[in-house]
Amino acid sequence: MTTRVIALASSLFTLACLVTPAAAQQDDEALKKDLTAVIALQGQPCGEVVSATVLKQNDYAATCKDGNKYHVYENDKGRVVVEKQK
Amino acid sequence: MSRYSAVIMLTVLSTGCMHETKPQTQPPPVAATPEPVKAPQTAKATPATAKPPSPTSKAPATTSKTKPAPATTAKTAPSSATKPQPAPPKQAAAATPPKQATAPAPPKQAAAAPTLDLDGLEARLKQTKAIGLMTKLSLKNKVDDLLVQFRQHHAGNPMPTVAELRRSYDLLMMKVLSLLQDRDQQLASDILSSREGIWGLLADPKKFAALQAE
Chain A
1 MTTRVIALAS
11 SLFTLACLVT
21 PAAAQQDDEA
31 LKKDLTAVIA
41 LQGQPCGEVV
51 SATVLKQNDY
61 AATCKDGNKY
71 HVYENDKGRV
81 VVEKQK
Chain B
87 MSRYSAVIML
97 TVLSTGCMHE
107 TKPQTQPPPV
117 AATPEPVKAP
127 QTAKATPATA
137 KPPSPTSKAP
147 ATTSKTKPAP
157 ATTAKTAPSS
167 ATKPQPAPPK
177 QAAAATPPKQ
187 ATAPAPPKQA
197 AAAPTLDLDG
207 LEARLKQTKA
217 IGLMTKLSLK
227 NKVDDLLVQF
237 RQHHAGNPMP
247 TVAELRRSYD
257 LLMMKVLSLL
267 QDRDQQLASD
277 ILSSREGIWG
287 LLADPKKFAA
297 LQAE
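Going line by line, the protein sequences match chains A and B. Residues in the first sequence are numbered from 1 upward in steps of one, following this note's numbering. Residues in the second sequence are numbered from 87 upward in steps of one, following this note's numbering.
Keep in mind that the hints were calculated from the coordinates and are not lab data.
List time: in silico DSS-like cross-link candidates among lysine-lysine, alpha-carbon distance up to 27 Å: (1) 33(A) x 65(A); (2) 226(B) x 215(B); (3) 222(B) x 65(A); (4) 33(A) x 215(B); (5) 222(B) x 77(A); (6) 228(B) x 33(A); (7) 65(A) x 261(B).
These figures come from a predicted structure and were not determined experimentally.
Modelling step: build the complete structure from the supplied sequences, incorporating the hints.
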């Protein structure tokens, strides 16, 4: 009985280890696409967001394929702002 | 001597055939003038043109040669009064199918217009996973900006003209559709079909006021 519990726990742990990074990677890709679309909607040059960092809720730092960096956030008026970082 | 008589006989026969072909096709007037000079040539050509219905082997060869003749007959058809008559029914018959094909299109557009469901589209836009949260917020900002411009226009401000508003509206629609078309094609097509209906609501001051009041 104890052996079965250990085997079940280890398999669940392994499954969790495999699933969590995959889900996180999917979320990361979705965020990159989202930010790419936002930056493009604002008419800013970017091409494609290659990395994104969550600063806080609805507040991101994005790095584009062409080297541009943007601060994308929602201000207190509910507007999405894209600021180019130097 | 016998050859001359044979040529004369052939010429006479060919002219006879030419008379028979006159009612069928129009080349005779063109071929009638060079008869004396090209009598041997027409004698060879006319049996070929007269026989196309029956022989199958000679038909392809003669059709390639006789192709210019129908072209000239088509061009000369307006000059003669009797032979263009068969052609117009064919043209009319050929012209009617496109009219029938184009006729069903307006009912589809007319049917698409009444199916405008703004609330449903709004809910589906909020729920769709094809657009990210920040993109949705950004799009909402743009929609609000456009509504402000419409308000200014309907208030009597000359600055945003209808053409400018239409351009902004079309651009915004293109942005939304470009975001949706790959991952939520059904919603994209529904928005596309509602495009003119939504514009009608926005462009009409009364409908726009009613829309804002809701």
